[in-house]
Amino acid sequence: MSLGCSKLVCPMALFRAERREFGTHLTIWFTGRLDLIYTKVYAIIDTGPGRHLDDLNALSPSSEELVGAVQWCRTHDPSAGFHQMAISMLESLDYHEAANTIRDQT
Amino acid sequence: MLDFLWDAWANLGLSASGEMSEIDSPLDPEVLILATAIWGRLDARLFDEVLDWMHRHASLLQTSRIRTLSKTYHFSGQRVANAMLDAVAAQDGGPVWKSKKPKKVEAEEVLFSTNPFFGEADPIFKDHGLVRPPVEFRGYSRNFPPDHPAAQMLRLRAFMGISTRADCSLYLASIMEGSMTFHAAGLAKILGYSPQAVAKSLQEMVRSGWVTSFRPPEPSDGRVVSYSATKALRDFVRVSQVQEGLATLKVRKWALILQPLDYLNRVLSKLIEMNASDQIVQSELSRCYVKFHRTDLWEWRDIYPERQTVFDIDSILRFIRSLHGSDAGSSSQPRVSATTSA
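From first to last, the protein sequence lines stand for chains A and B.
Numbers -17 to 88, taken from the working numbering, label the letters of the first sequence in order.
Numbers 412 to 753, taken from the working numbering, label the letters of the second sequence in order.
Derived by calculation from the structure, the hints in this document are not laboratory data.
Keep in mind that the hints are not guaranteed to be accurate.
[As the list claims (entries may be wrong)] Some chain B residues near chain A, calculated using beta-carbon distances under 8 angstroms:
(1) Arg456
(2) Arg543
(3) Phe548
Every residue gets a Cβ at the ideal spot worked out from N, C-alpha and C, and that includes glycine.
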């Protein structure tokens, strides 16, 4: 994912990116873990579970990280449908506490 | 199995990252689709990339083979494979494949068994009783690499068209001069075509002079005609392998290798479901290995010499125990929870 081109850049994402150098002429900034969680949560709520959910599971997010991710996602899509989908996702993944936190934030 | 499927598909042009192993014998795309319909349910990314690959290579796929192979070898992935074909055919610019109308489904099941499902379901998969998110074709697949040994079946189809002749040529050319020959019924069973279609093609291929026929002297089964490739045909088919420095073209009967693995998978799932004891697991697995001792399953050792867990009952027992976190070295009678599929 290119942070520079994405319209959905998470706040401060560049500061969390991991810099890696390959040889003398190639430097790649890899998206940091927290930003990957945020964007994966967005993708799951937007398109449904599937490969994105496999990726999110591999990142083993905490309940707080998921709440933060959903809050960030809602800055891009504040609709009631999106809010409901976010709660469904958290419930399905057994993050009931996070789901309740988000439910309270109508 | 997932490692194998990623390696196999990546050898045929699927979009994949990381280090992939080279498969040095021609791969059978229809058997791989059936295998993906079974084990791809454990990896959504692989599953969707395969759909994308199928869309790109649709003109080289013989969909009737999927049904015939599934029926002949009792593969368990037919319903999922039908849904995959329908999803590819429904795309813009998708192939015109004859769709098999899905049977009425009593209860829907989640396609990707490792994940819970929520949200909108894909309508095509739903018709087949499978719930999954809407399919997204990302268009990342590349054309198959024509010089790669794994892509030789596709290469011949691209040159000769998707016909029995292309697939027959590959198998006939794989036999060394003076060694065994094929007869039509045997080749039809391996390839998943009707015996009549294969017999007719072989008879016509003999007329080209690139295939020879041989009828054994009476009385030894005088009605069975055997066929073999001439040196010209063998050289033509093997040209890329010669360039790679390989002296022989090893064509594997993929359906015969993967069918026992599918059977083992189902047996293991059942054992886990019924919470079987170690003794029962050992006895059932031993029974499976005896059942398949004369099959091509054992070629798996050549394909993945470093991954032989499937033949090691102790490793399988350790795996089953790990599913519910019991001590691997315990001599007690661990029981397996029914929470996860093998």
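Hints, one by one, checked against the model:
Among the interface hints, the one on Arg456 (chain B) holds; its C-beta lies about 4 angstroms from the nearest C-beta in chain A, closer than the 8 angstroms criterion. Interface hint at Arg543 (chain B): satisfied, since its Cβ lies 7 angstroms from the closest Cβ of chain A, which is below the 8 angstroms cut-off. Taken as an interface hint, Phe548 (chain B) does not check out: its beta carbon lies about 13 angstroms from the nearest beta carbon of chain A, beyond 8 angstroms.
Against the hints set out earlier in the document, a violation occurs for number 3 only.
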